[in-house]
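**Q** Spelled out from the first residue to the last, the chains are:
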Amino acid sequence: MTDLQAEPGHLRQAPESFLSPALVNGIQQSGVTPSRRKLLQGALATATAAMLGSNGTKAADDPDVVKVPEWSRSLGKPVLTHPYGQPSRYESNIIRRQSPGLTQTDQASVSFTPLQNLFGMITPSGLHFERHHQGWVDIDPRRHRLMINGLVEKPLIFTMEDLMRMPSVSRIHFLECGANTALEWGNVAVPTVQYTHGMLSASEFTGVPVSLLLERAGIDLKRAKFLLAEGADGSSMTRTINLENALDDAIVAYGQNGEMLRPENGYPLRLVVPGVQGVSWVKWLRRLEVGDQPWATKDEASHYVDLMPDGSHRQYSSIQEAKSVITSPSGGQKLLKQGYYCISGLAWSGRGSVSRVEVSVDGGRNWRPARLEGPVLPKALTRFNFDWNWQGDNALLQSRVTDSTGYLQPSRTALIAVRGTRSIYHNNAIQTWRVGQDGEVHNVQLG
Amino acid sequence: MSNWVNGLLAAAILIPPHAGAAGLPAGVDEIGRVASSAEVRAWDIDVRPDFAGLPPGSGDVWAGEEIWLEKCASCHGDFGDSNEVFAPIVLGNVTEDDIAAGNVASLKDPAAVRTTLMKVATLSTLWDYIYRAMPWNAPKSLTPDEVYALLAYILNLGYVVDDDFVLSDDTIHAAQARMPNRNGMRDDHGLWSVDGEPDVVSQGCQTDCIVNSKVSSSLPAYAMNAHGNLAEQSRAWGPYPGLWTAPEAAGGAPELVAAEIPTDAEQTDSPTQILNAAGCMGCHQMAGQLVGPGFDAVRERYAGDEHVAYLKTKITQGGAGVWGSIPMPGVPLQSDDLDRIVAWMTASKVP
Numbered sequence: 001m002t003d004l005q006a007e008p009g010h011l012r013q014a015p016e017s018f019l020s021p022a023l024v025n026g027i028q029q030s031g032v033t034p035s036r037r038k039l040l041q042g043a044l045a046t047a048t049a050a051m052l053g054s055n056g057t058k059a060a061d062d063p064d065v066v067k068v069p070e071w072s073r074s075l076g077k078p079v080l081t082h083p084y085g086q087p088s089r090y091e092s093n094i095i096r097r098q099s100p101g102l103t104q105t106d107q108a109s110v111s112f113t114p115l116q117n118l119f120g121m122i123t124p125s126g127l128h129f130e131r132h133h134q135g136w137v138d139i140d141p142r143r144h145r146l147m148i149n150g151l152v153e154k155p156l157i158f159t160m161e162d163l164m165r166m167p168s169v170s171r172i173h174f175l176e177c178g179a180n181t182a183l184e185w186g187n188v189a190v191p192t193v194q195y196t197h198g199m200l201s202a203s204e205f206t207g208v209p210v211s212l213l214l215e216r217a218g219i220d221l222k223r224a225k226f227l228l229a230e231g232a233d234g235s236s237m238t239r240t241i242n243l244e245n246a247l248d249d250a251i252v253a254y255g256q257n258g259e260m261l262r263p264e265n266g267y268p269l270r271l272v273v274p275g276v277q278g279v280s281w282v283k284w285l286r287r288l289e290v291g292d293q294p295w296a297t298k299d300e301a302s303h304y305v306d307l308m309p310d311g312s313h314r315q316y317s318s319i320q321e322a323k324s325v326i327t328s329p330s331g332g333q334k335l336l337k338q339g340y341y342c343i344s345g346l347a348w349s350g351r352g353s354v355s356r357v358e359v360s361v362d363g364g365r366n367w368r369p370a371r372l373e374g375p376v377l378p379k380a381l382t383r384f385n386f387d388w389n390w391q392g393d394n395a396l397l398q399s400r401v402t403d404s405t406g407y408l409q410p411s412r413t414a415l416i417a418v419r420g421t422r423s424i425y426h427n428n429a430i431q432t433w434r435v436g437q438d439g440e441v442h443n444v445q446l447g
Numbered sequence: 001m002s003n004w005v006n007g008l009l010a011a012a013i014l015i016p017p018h019a020g021a022a023g024l025p026a027g028v029d030e031i032g033r034v035a036s037s038a039e040v041r042a043w044d045i046d047v048r049p050d051f052a053g054l055p056p057g058s059g060d061v062w063a064g065e066e067i068w069l070e071k072c073a074s075c076h077g078d079f080g081d082s083n084e085v086f087a088p089i090v091l092g093n094v095t096e097d098d099i100a101a102g103n104v105a106s107l108k109d110p111a112a113v114r115t116t117l118m119k120v121a122t123l124s125t126l127w128d129y130i131y132r133a134m135p136w137n138a139p140k141s142l143t144p145d146e147v148y149a150l151l152a153y154i155l156n157l158g159y160v161v162d163d164d165f166v167l168s169d170d171t172i173h174a175a176q177a178r179m180p181n182r183n184g185m186r187d188d189h190g191l192w193s194v195d196g197e198p199d200v201v202s203q204g205c206q207t208d209c210i211v212n213s214k215v216s217s218s219l220p221a222y223a224m225n226a227h228g229n230l231a232e233q234s235r236a237w238g239p240y241p242g243l244w245t246a247p248e249a250a251g252g253a254p255e256l257v258a259a260e261i262p263t264d265a266e267q268t269d270s271p272t273q274i275l276n277a278a279g280c281m282g283c284h285q286m287a288g289q290l291v292g293p294g295f296d297a298v299r300e301r302y303a304g305d306e307h308v309a310y311l312k313t314k315i316t317q318g319g320a321g322v323w324g325s326i327p328m329p330g331v332p333l334q335s336d337d338l339d340r341i342v343a344w345m346t347a348s349k350v351p
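Just so you know, the protein sequences line up as chains E and U, in that order.
Each residue of the first sequence is one higher than the one before, starting from 1 at the first, in our numbering.
Each residue of the second sequence is one higher than the one before, starting from 1 at the first, in our numbering.
Hints may contain errors.
Calculated pairs, EDC-like style, for lysine to aspartate or glutamate (alpha carbon to alpha carbon, straight line, at most 16 angstroms) [said to hold, decoys possible]:
id	chain 1	residue 1	chain 2	residue 2
1	U	Lys108	U	Asp98
2	E	Lys154	U	Asp44
3	E	Lys225	E	Asp248
4	E	Lys222	E	Asp292
5	E	Lys154	U	Glu39
6	E	Lys225	U	Asp187
7	E	Lys337	E	Asp438
8	U	Lys214	E	Asp362
9	U	Lys108	U	Asp97
10	U	Lys312	U	Asp336
11	E	Lys337	E	Glu440
12	U	Lys108	E	Asp310
13	E	Lys154	U	Asp98
14	E	Lys225	E	Asp292
15	E	Lys154	E	Asp220
16	E	Lys154	U	Asp29
A few chain U residues that don't get close to chain E, going by computed Cβ distances all over 12 angstroms [said to hold, decoys possible]:
id	residue
17	Pro55
18	Ser168
19	Thr346
Incomplete in silico selection of chain E near chain U, CB under 8 angstroms [said to hold, decoys possible]:
id	residue
20	Thr105
21	Gly363
22	Gly447
These are computed hints drawn from the structure, not numbers from a lab.
No residue lacks a Cβ here, since even glycine has one placed at the ideal position from N, Cα and C.
With the hints as extra help, turn the sequences into a complete structure.
**A** So, in structure tokens, the structure goes:
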């Protein structure tokens with residue numbers, strides 16, 4: 001692939017279009033080296049040849065058009081080359097990634113979703129972010145059980161077969177870690193939206209409403225106030241769920257985007273608690289206990305507690321308040337030319353649906369409404385788009401969301417005025433991307 | 001939890017369409033079975049802040065130290081203060097005044113290290129977690145007495161209990177009364193309930209807003225590559241290529257450019273996959289005649305380097321009459337793949 005003519009994707013109109021982005025960036029970062037000069041010469045020759053055309057007189061015929069490409073002149077591959085399909089080899093950059101140094105072990109760690117290159121409102125299951133507390137497991141579904149006990153008429157046990165026979169629902173919801181954007185409380189710490197906002201994904205989940213299972217077990221509604229959800233993995237992760245959430249729209253889910261859950265996401269069974277932070281969506285779910293007091297489990301007493309400036313901790317902070325972010329263009333990317341761009345991003349709210357998204361290109365001085373792409377669903381990601389004609393000036397790109405309760409996403413300054421910078425969790429501040437005159441996009445904070 | 005009354009009212013309203021015995025579709029109330037008491041005991045191991053669920057037992061500081069050194073110290077350090085693998089459990093800045101008040105004052109200090117014992121308000125949390133999830137690589141292998149002993153050792157390291165303290169289901173209440181941050185948690189905030197009151201309220205100015213748009217923080221140039229080369233972390237083509245942040249490798253850019261998009265050869269790790277991908281297996285199979293000859297026969301006839309050039313021509317240009325009358329179309333394999341396939345076909349010894 002050193003053949004620059006084979007570099008796909010750019011219009012073949014100007015000589016710079018024959019340069020790979022890596023080469024352009026490399027030259028801008030550290031100048032023209034001998035090896036790069038050689039590449040440049042080759043590219044210019046290619047460009048010249050393309051402009052002259054095959055007879056040396058005609059201008060700007062695209063060789064990928066006039067010289068019919070090899071894939072148009074050969075037999076394609078057979079069915080079942082990949083019995084389980086996979087992305088094109090040209091998409092190999094778009095994978096989950098870790099933030100180096102964030103955690104010392106890979107079993108209690110995070111991999112981030114590459115939001116900068118995704119479209120629409122659904123995250124491909126293989127790119128759904130990972131957060132494990134003691135590694136992930138791949139459980140034999142025939143040996144998996146769900147127990148319901150506590151303040152119920154009779155404790156029950158369900159097999160997967162039982163659960164998959166029950167009345168099911170399918171709902172699209174976002175899943176955001178409470179610690180998403182945690183690295184950015186004090187200052188800019190990471191370069192791209194994958195690391196600033198990539199503990200965010202969205203899927204269609206299929207399963208049984210928790211309310212139905214609790215009804216089946218005969219929940220004691222006079223005394224019941226909380227649910228404990230518990231996983232079957234080594235950590236047997238536990239979280240207290242507000243009964244209000246559990247009865248409203250929580251699901252015991254086995255399906256994700258039309259197939260079974262991925263093991264990293266809780267196969268064969270996980271809890272879905274729409275609008276609530278991801279840690280409460282207990283994976284490998286083995287038990288729901290009905291109780292009248294919260295449990296103060298490790299992940300709601302030692303972690304996932306929000307430190308306030310007065311030294312107190314907010315416990316049971318659960319709801320993910322309204323938040324939005326521009327995903328393209330975003331930090332670590334580059335605009336190659338001036339002209340039209342479709343600024344695109346995501347907005348969501350744990351308290352309802354997205355009512356409005358506004359975009360500013362001047363750091364918050366002026367805001368104009370973005371287009372919301374449908375469907376706009378409660379507690380789901382909403383894709384927004386915004387027309388922008390970039391004339392090569394410095395710009396500060398921001399987005400802000402208003403949700404169906406009327407709540408407006410705060411600026412970073414407003415958020416830290418109340419919460420300080422040490423609460424780790426629930427950073428839903430407006431994100432700023434700075435576009436330089438060189439087209440480079442960088443993560444910045446203002447104020 | 002001021003919303004509890006409302007929450008329950010809402011729950012009572014929301015529970016249909018599944019509400020009431022009559023609310024479940026016919027037959028659903030027969031799915032699942034009643035759990036036995038032994039089954040519930042085996043899984044219901046949680047311990048609440050009021051110590052409901054705590055099994056009887058006891059352990060002292062000295063027994064705890066022995067188990068600690070054997071099973072815990074490698075990650076947490078001999079004295080529970082290591083920051084190597086996990087956040088420290090003990091030490092940090094906790095005073096006798098904090099223990100008396102039940103509030104760790106140094107949590108107000110932005111620079112303070114935050115250890116587990118500085119944060120956690122409820123001793124049940126630690127007992128429950130150690131019992132269900134520790135040690136790291138062998139969760140649920142500790143007996144209740146071992147958990148009591150380990151917790152006695154941790155509390156002793158944190159000056160919560162004396163050297164001769166014996167922690168048990170009885171004395172745990174006294175230990176709880178000395179937890180340094182036992183009064184440090186609040187749940188009177190808007191993030192517990194979906195109807196909670198937001199704590200940050202913003203105005204929606206839309207034009208000529210007065211804002212401070214001075215950049216106050218950005219990544220320094222030396223940190224741009226701390227997450228790896230960003231050029232390899234965004235789609236390698238299209239309108240938004242990633243910034244090149246890596247230092248140039250020895251030998252220059254071509255290798256790095258080539259690394260952006262893997263070639264077929266890099267992604268294909270066996271001749272079988274190349275043959276499959278190129279459509280060869282529609283007419284050939286590994287052993288025995290199909291439309292064309294089996295690859296076993298091809299490899300037998302053309303073993304040896306002298307056949308390389310001939311086979312390359314035959315594969316790319318096609319032909320007829322060698323193995324039969326059905327012509328084979330030319331297969332435009334990429335050169336890497338062609339090299340690999342022909343090398344495989346001419347290898348003198350079939351692996």
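**Q** When the hints from earlier in the document are held up against this structure, which numbers fail?
**A** Hint 13 is the one this structure does not satisfy, whereas the remaining hints hold.
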